[in-house]
Amino acid sequence: LLHLKPSGPGTKDDVSALDPRGELADARFEDNYDHSGPATFDKAVALSTQLVCGCPRQTRKGRVDFSELDGSCTKVCKDKLLREREAALFSASKGLGQVIFKHVHKAGGTTLCQVAQANTRAETRKPQARVDWGTDCVPLKQYKVYGACWMQYQTPSLQRAMSEQFRDLDFLASEGPLPTDLAFTVQYSLITILRYPLDRTLSSYRWFRFLGNRFPGLENPALCRAYNVERNSTLSQWLDKYPDNWMVRVFAGQQVFSDVPRLQVTMEHLEMAKERLALFGIVGITEEYNGFLELLKDRLGWHYDLAQQRRNSHWQSKAELELADNPETLNKLRSLNQLDLLLYNYAKKLYFDQRRLYLNVTS
Numbered sequence: 003l004l005h006l007k008p009s010g011p012g013t014k015d016d017v018s019a020l021d022p023r024g025e026l027a028d029a030r031f032e033d034n035y036d037h038s039g040p041a042t043f044d045k046a047v048a049l050s051t052q053l054v055c056g057c058p059r060q061t062r063k064g065r066v067d068f069s070e071l072d073g074s075c076t077k078v079c080k081d082k083l084l085r086e087r088e089a090a091l092f093s094a095s096k097g098l099g100q101v102i103f104k105h106v107h108k109a110g111g112t113t114l115c116q117v118a119q120a121n122t123r124a125e126t127r128k129p130q131a132r133v134d135w136g137t138d139c140v141p142l143k144q145y146k147v148y149g150a151c152w153m154q155y156q157t158p159s160l161q162r163a164m165s166e167q168f169r170d171l172d173f174l175a176s177e178g179p180l181p182t183d184l185a186f187t188v189q190y191s192l193i194t195i196l197r198y199p200l201d202r203t204l205s206s207y208r209w210f211r212f213l214g215n216r217f218p219g220l221e222n223p224a225l226c227r228a229y230n231v232e233r234n235s236t237l238s239q240w241l242d243k244y245p246d247n248w249m250v251r252v253f254a255g256q257q258v259f260s261d262v263p264r265l266q267v268t269m270e271h272l273e274m275a276k277e278r279l280a281l282f283g284i285v286g287i288t289e290e291y292n293g294f295l296e297l298l299k300d301r302l303g304w305h306y307d308l309a310q311q312r313r314n315s316h317w318q319s320k321a322e323l324e325l326a327d328n329p330e331t332l333n334k335l336r337s338l339n340q341l342d343l344l345l346y347n348y349a350k351k352l353y354f355d356q357r358r359l360y361l362n363v364t365s
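Start counting at 1 in the sequence shown, then tack on 2, and there's your number in the numbering used here.
Honestly, I wouldn't trust all of these hints.
Distance windows between CB atoms, simulated [stated by the list, open to error]:
hint	residue 1	residue 2	range
1	Ser93	Gln119	15 to 23 Å
2	Phe212	Asp81	41 to 49 Å
3	Val147	Arg123	18 to 26 Å
SDA-like cross-link-like pairs, simulated, lysine to any residue; straight-line CA separation at most 20 Å [as the list claims (entries may be wrong)]:
hint	residue 1	residue 2
4	Lys334	Asp246
5	Lys146	Leu171
6	Lys320	Phe210
7	Lys146	Gln167
8	Lys96	Asp172
9	Lys351	Asn362
10	Lys143	Gln154
11	Lys320	Ser337
12	Lys243	Gly214
13	Lys146	Thr112
14	Lys96	Lys299
15	Lys243	Gln340
16	Lys143	Ala163
17	Lys299	Phe92
18	Lys334	Ser319
Since the hints were made in silico from the structure, they are not lab data.
On a predicted model such as this, the values are computed, not experimentally measured, just so you know.
All C-beta atoms in this analysis are idealised placements derived from N, C-alpha and C, irrespective of residue type, glycine included.
Using the sequences and the hints given, assemble the complete structure.
Quick look at the structure:
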């Protein structure tokens with residue numbers, strides 16, 4: 003169970019049940035934490051190992067000192083997590099396990115759903131008997147109750163019972179945040195894909211406007227009802243209300259997503275998101291979609307026709323080109339995504355590491 007609660011504004015620091023010695027309460031990241039070095043798996047799961055496997059660790063000057071972890075325990079725990087991750091992927095490739103797709107909004111998830119529908123038992127039914135609107139592989143019964151952002155409400159016990167909850171599905175998708183308490187010792191494999199944050203955010207604005215125009219009676223077109231803004235807002239007005247660092251919030255979990263005030267996401271939250279992302283079975287980036295699908299083919303045995311399955315998807319938003327003549331709005335967009343840019347760069351590192359490891363691709 004990976005349960006990390008930040009100490010930032012708007013949160014409660016209550017981890018005593020998982021950390022009886024009180025060590026976690028003293029582990030705080032400085033704002034100037036150095037993320038410039040190589041983002042290795044060892045570093046990414048360093049905190050996770052203490053919680054999942056009980057490895058002792060040290061702190062120095064209010065921050066975690068990765069160099070002073072108990073190396074033997076960390077290695078055992080890392081090996082255990084890697085074995086479980088690989089076993090889950092292998093089971094899914096044989097049709098014996100499930101794949102859970104953490105759908106990052108406007109990062110190519112609709113295309114991946116279409117690929118999954120061609121290769122697995124994924125949700126294909128339409129909500130409310132519509133013929134033109136699917137659930138993007140969100141299980142229909144969850145979609146009807148919670149909408150697209152259903153997984154945030156899954157407790158660890160429900161996460162471990164996914165195969166019982168969804169006996170007829172091999173592939174499940176969810177938008178919105180991960181649960182606050184995320185169980186990694188499970189029988190399914192987690193996969194995701196991230197997009198360059200400025201382009202993703204601009205695309206999210208366009209989706210917000212599209213939904214508002216398409217469904218004028220919709221009370222709030224915002225995904226997960228995460229914010230409130232007039233449906234005819236300009237991009238600049240919309241950015242004044244849109245949550246900062248959306249992807250960091252999503253991967254850090256529901257509590258960070260919902261409870262941390264706007265513009266108060268910190269480096270500690272980024273580290274939480276990185277720790278979780280490092281334990282995903284497959285990580286892709288939208289700008290390398292073909293390569294991501296090659297990983298799915300190698301790891302899961304999936305086949306695809308990207309041209310056919312992209313027929314209803316559009317990834318054309320290029321924020322820096324489109325807003326070149328509007329520097330004020332472009333700077334506002336950049337400021338909202340500073341930590342998302344770091345998380346995206348980390349996702350790229352994971353993606354290219356997987357390409358080298360599994361496909362022997364060196365470039």
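Now the hints, each set against the structure:
no. : hint                        : result
1   : Ser93 x Gln119: 15 to 23 Å  : holds, 20 Å
2   : Phe212 x Asp81: 41 to 49 Å  : holds, 46 Å
3   : Val147 x Arg123: 18 to 26 Å : holds, 21 Å
4   : Lys334 x Asp246             : holds, 10 Å
5   : Lys146 x Leu171             : holds, 17 Å
6   : Lys320 x Phe210             : holds, 17 Å
7   : Lys146 x Gln167             : holds, 15 Å
8   : Lys96 x Asp172              : holds, 11 Å
9   : Lys351 x Asn362             : holds, 15 Å
10  : Lys143 x Gln154             : holds, 15 Å
11  : Lys320 x Ser337             : holds, 17 Å
12  : Lys243 x Gly214             : holds, 16 Å
13  : Lys146 x Thr112             : holds, 19 Å
14  : Lys96 x Lys299              : holds, 12 Å
15  : Lys243 x Gln340             : holds, 16 Å
16  : Lys143 x Ala163             : holds, 16 Å
17  : Lys299 x Phe92              : holds, 12 Å
18  : Lys334 x Ser319             : holds, 17 Å
When each numbered hint is compared with the structure, no violation occurs for any of them.
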